[in-house]
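Protein chains: 2
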Amino acid sequence: MMQRIGKHIRDRRLALGLSVPRLANAAETTTRYMEMIEAGSRYPSLMTLFRIAAALDTTASELLVGVEAPLASVG
Amino acid sequence: MMQRIGKHIRDRRLALGLSVPRLANAAETTTRYMEMIEAGSRYPSLMTLFRIAAALDTTASELLVGVEAPLASVG
Numbered sequence: 001m002m003q004r005i006g007k008h009i010r011d012r013r014l015a016l017g018l019s020v021p022r023l024a025n026a027a028e029t030t031t032r033y034m035e036m037i038e039a040g041s042r043y044p045s046l047m048t049l050f051r052i053a054a055a056l057d058t059t060a061s062e063l064l065v066g067v068e069a070p071l072a073s074v075g
Numbered sequence: 001m002m003q004r005i006g007k008h009i010r011d012r013r014l015a016l017g018l019s020v021p022r023l024a025n026a027a028e029t030t031t032r033y034m035e036m037i038e039a040g041s042r043y044p045s046l047m048t049l050f051r052i053a054a055a056l057d058t059t060a061s062e063l064l065v066g067v068e069a070p071l072a073s074v075g
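Those sequence lines, one after another, are chains A and B.
Residue 30 in UniProt numbering is what sits at position 30 of the first sequence, and the numbering runs on without skipping anything.
Residue 17 in UniProt numbering is what sits at position 17 of the second sequence, and the numbering runs on without skipping anything.
Only chain A is shown next, with the shape it has when bound in the complex (with noise of 0.2 Å):
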């Protein structure tokens, strides 16, 4: 899951034509850690998706679209 989250911020980072640094600056974190975000090795926090998304004028609703595999629900 956490690759995908990462894919979707890239994607629409760089179809907004934004570099790591402007996103992780926008989103109020650092380059390092929204390096790692893209790359899928971190999650951020709820706070810091809803601060990613606005950047990226979009929703963290959004950047969850399809990311869950099918996981198991209570019966």
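Among the hints, a few may not be true.
Put simply, identical chains are the same to the list, so a pair is met inside one copy or across any two.
As the list claims (entries may be wrong) - Keeping only pairs whose Cα atoms sit at most 25 Å apart, straight-line, the calculated SDA-like set for lysine to any residue is:
id	residue 1	residue 2
1	Lys7	Val67
2	Lys7	Tyr33
3	Lys7	Arg32
4	Lys7	Thr48
5	Lys7	Val65
Derived from the structure by calculation, the hints contain no laboratory data.
Once you have looked at the hints, place chain B on chain A.
Below, chain B without anything else, positioned relative to chain A:
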């Protein structure tokens, strides 16, 4: 935003007739923490949000729909 996420979770839980302890257990968290999430006094981590969504037979993306008030984006 926290209130809206909590409300979405609570509405969905009630629609499925689940108790807070039952949902908390399925989402591998505590009843107390689940109560705070629903009350909007705590943000779940992204991982916990995924587990809550799975336990509610929905997705994190769905639970976050409409949660964000329009925020500034990078110009």
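Intra- versus inter-subunit Cα pairing at 25 Å for Lys7 with Arg32: within (16 Å within a copy, 34 Å between copies)
Evaluate Lys7 and Val65 at a C-alpha cut-off of 25 Å and name the case that applies: within, between, both or neither. Answer is both; intra-copy 12 Å and inter-copy 20 Å each pass.
Taking 25 Å as the upper bound on the Cα-Cα distance, should Lys7 and Thr48 be classified as within, between, both, or neither? both (16 Å within a copy, 20 Å between copies)
One pair to classify: Lys7 and Tyr33, alpha carbons no more than 25 Å apart. Within, between, both, or neither? within (15 Å within a copy, 30 Å between copies)
Go through the copies and call it for Lys7 and Val67: within, between, both or neither, with a Cα cutoff of 25 Å. This pair counts as both: shortest intra-copy Cα distance 10 Å, inter-copy 22 Å.
When each numbered hint is compared with the structure, no violation occurs for any of them.
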